[in-house]
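Peer 1: Sequence:
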Amino acid sequence: MEENEKLESNTNKSLLVVYIMSSLMTRSTKKANCGDHIDRISDLPSNVIDGILKDLNISELVSTSILSRNWRYMWMSVPELVFRKDFFSRFEDLDDLGPEISRIITDILFLHNGPIYKFSLDIPWLSKKLTITTEYLNKWILFLSKRGIKDLQLLNNGWFFFKMPSHIFSCQELTHFTLSGFNLSVPPNFCGFKKLLDLCLECNIYEFGALENLISGCPLLEKLSIILYGDLKSVCLKKAKNLIDLRIKNYHVRGVSDLIISLPKIQRLTMESYELYADMISPTQLTSLKYLKLYGLNLVKRTAVLYIVSVLKSASDLVELDIQNDGEQEPDQPEQLDLECNSCCLSQLQTVNINISDTINFKHAMSLIRFILANSSSLKTLTFKVGFCHKILDAAMLSSIPQDLLCMKRASQRARVEFRHL
1 MEENEKLESN
11 TNKSLLVVYI
21 MSSLMTRSTK
31 KANCGDHIDR
41 ISDLPSNVID
51 GILKDLNISE
61 LVSTSILSRN
71 WRYMWMSVPE
81 LVFRKDFFSR
91 FEDLDDLGPE
101 ISRIITDILF
111 LHNGPIYKFS
121 LDIPWLSKKL
131 TITTEYLNKW
141 ILFLSKRGIK
151 DLQLLNNGWF
161 FFKMPSHIFS
171 CQELTHFTLS
181 GFNLSVPPNF
191 CGFKKLLDLC
201 LECNIYEFGA
211 LENLISGCPL
221 LEKLSIILYG
231 DLKSVCLKKA
241 KNLIDLRIKN
251 YHVRGVSDLI
261 ISLPKIQRLT
271 MESYELYADM
281 ISPTQLTSLK
291 YLKLYGLNLV
301 KRTAVLYIVS
311 VLKSASDLVE
321 LDIQNDGEQE
331 PDQPEQLDLE
341 CNSCCLSQLQ
351 TVNINISDTI
361 NFKHAMSLIR
371 FILANSSSLK
381 TLTFKVGFCH
391 KILDAAMLSS
401 IPQDLLCMKR
411 ASQRARVEFR
421 HL
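For what it's worth, our numbering labels the leading residue of the sequence shown as 1, then goes sequentially.
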């Protein structure tokens, strides 16, 4: 919802900018007829012009060429070209979108006469009406590789997986790379992305060893985001020695023990999964962890709570913990867990957010909170949110939760505990 509101706001802003520019052009024309030949659009400060061009979508950007003679070629030097849903939606009435869209993107690229630091292609879901061939993709990527591309985003939301364009490996200036909906393979002569800092891989199919080979070729990589898809075995990140931020979503990979292994310096970890977290990352790898977010975790399962505790005991430098329990699940053990305290083993933990949506059992979550409060000497805020899925909850049970929280032993006297129910 927030993303849609932001997109709508940006669109309205862009239309407003075009309207203002058109008004300026009209005024400029009227004054020119009266003997005033000043082009007020072109006389805008360069930082204002840059800001205007940056906020426009690709269609509006190219349309600025009609505003005045001085603006005719100005769009051709803008270093960012972004093709999103609003661009593709203009052609939805065509029976076959592929040829027309491919021709327009090719023309825009080849007319551009300056460096292109960012290129984003977000191919929407348009059934079989939109087919962009690998030949066109390779042509565009080859062109971009010669224009100093630093930020490349290729998102395929179509009905089949594209073969990864081979010319991507020629983009040696890349610092940010996002790839989604492709069949990823790495050629044997791959020399790596020596400047890549941020890699995002979403819903791709990986040939054997391709994921490890790609990551191993990025010695400066700091941030890695992966949505795991298909038949994927364990991935070793031993050579990603500068990796400090890892984000994993696992919806489709099952039954792999220690899916991600060797995390030398990981400090930020976000995991979203409906499988056992223990099958993804061993707690013993998380000794440098400072920020941990766990989504989709089933806190009514005893094994899930014990996994969190094992991570907390290993991550003595943890500063922030965020847990989101998704959905309503049947508990495997209704009784309260007795979790051993380790004499303030969480000495750096300051902020905790636990959010569960469960009407049946929240006692395991309460046991986890009791463990955290008793072992966190620097804790400032712990927020516990419970959603009851529109079911009627006994008033006595509801009132007992804050009372139990107040009675829990705290290692930090300044810790503030908040309880919220939705």
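In short, the hints are calculated from the structure, not lab data. Incorrect hints may have been included.
[Claimed, not checked] Here are the simulated PhoX-like cross-link-like pairs (lysine-lysine), alpha carbons at most 20 Å apart as the crow flies: (1) LYS223 / LYS290; (2) LYS380 / LYS313; (3) LYS195 / LYS249; (4) LYS195 / LYS239; (5) LYS233 / LYS195; (6) LYS195 / LYS293; (7) LYS290 / LYS313; (8) LYS249 / LYS223; (9) LYS233 / LYS249; (10) LYS194 / LYS241; (11) LYS363 / LYS301; (12) LYS194 / LYS223; (13) LYS118 / LYS194; (14) LYS265 / LYS293; (15) LYS238 / LYS301; (16) LYS290 / LYS363; (17) LYS265 / LYS301.
Peer 1: Hints first: check each against the structure and report whether it holds.
Peer 2: Verification of the hints:
Of the pairs offered as hints, the one joining LYS223 and LYS290 holds, with about 15 Å between alpha carbons and a cut-off of 20 Å not exceeded. For the given pair, LYS380 sits about 19 Å from LYS313 by alpha-carbon distance, which is consistent with the 20 Å threshold. For the proposed pair LYS195 and LYS249, the alpha carbon gap of about 25 Å is over 20 Å, so the pair is violated. Note on LYS195 and LYS239: the hinted pairing holds, with a Cα-Cα distance of about 15 Å set against a maximum of 20 Å.
Restraint check for LYS233 and LYS195: not satisfied, since their Cα atoms lie roughly 27 Å apart, outside the 20 Å limit. Among the hinted pairs, LYS195 with LYS293 is inconsistent with the structure: their alpha-carbon atoms are about 28 Å apart, more than 20 Å. Our distance criterion of 20 Å between C-alpha atoms is met by LYS290 and LYS313, whose separation comes to about 13 Å. Of the pairs offered as hints, the one joining LYS249 and LYS223 holds, with about 14 Å between alpha carbons and a cut-off of 20 Å not exceeded.
Our distance criterion of 20 Å between C-alpha atoms is met by LYS233 and LYS249, whose separation comes to about 15 Å. Distance hint between LYS194 and LYS241 is fulfilled; the C-alpha atoms sit about 13 Å from each other, no more than 20 Å. At roughly 10 Å between alpha-carbon atoms, LYS363 and LYS301 fall within 20 Å of each other, so this suggested pair holds. With a C-alpha separation of about 14 Å, the suggested pair LYS194 and LYS223 falls inside the 20 Å cut-off, and the hint holds.
Proposed proximity of LYS118 and LYS194 is supported: the alpha carbons are some 18 Å apart, at most 20 Å. Taking the CA atoms of LYS265 and LYS293, the gap is about 17 Å. The hint holds against a cut of 20 Å. Our distance criterion of 20 Å between C-alpha atoms is broken by LYS238 and LYS301, whose separation comes to about 31 Å. For the hint pairing LYS290 with LYS363, the CA-to-CA distance comes to about 27 Å; that exceeds 20 Å, so the pair is violated.
Proposed proximity of LYS265 and LYS301 is contradicted: the alpha carbons are some 30 Å apart, above 20 Å.
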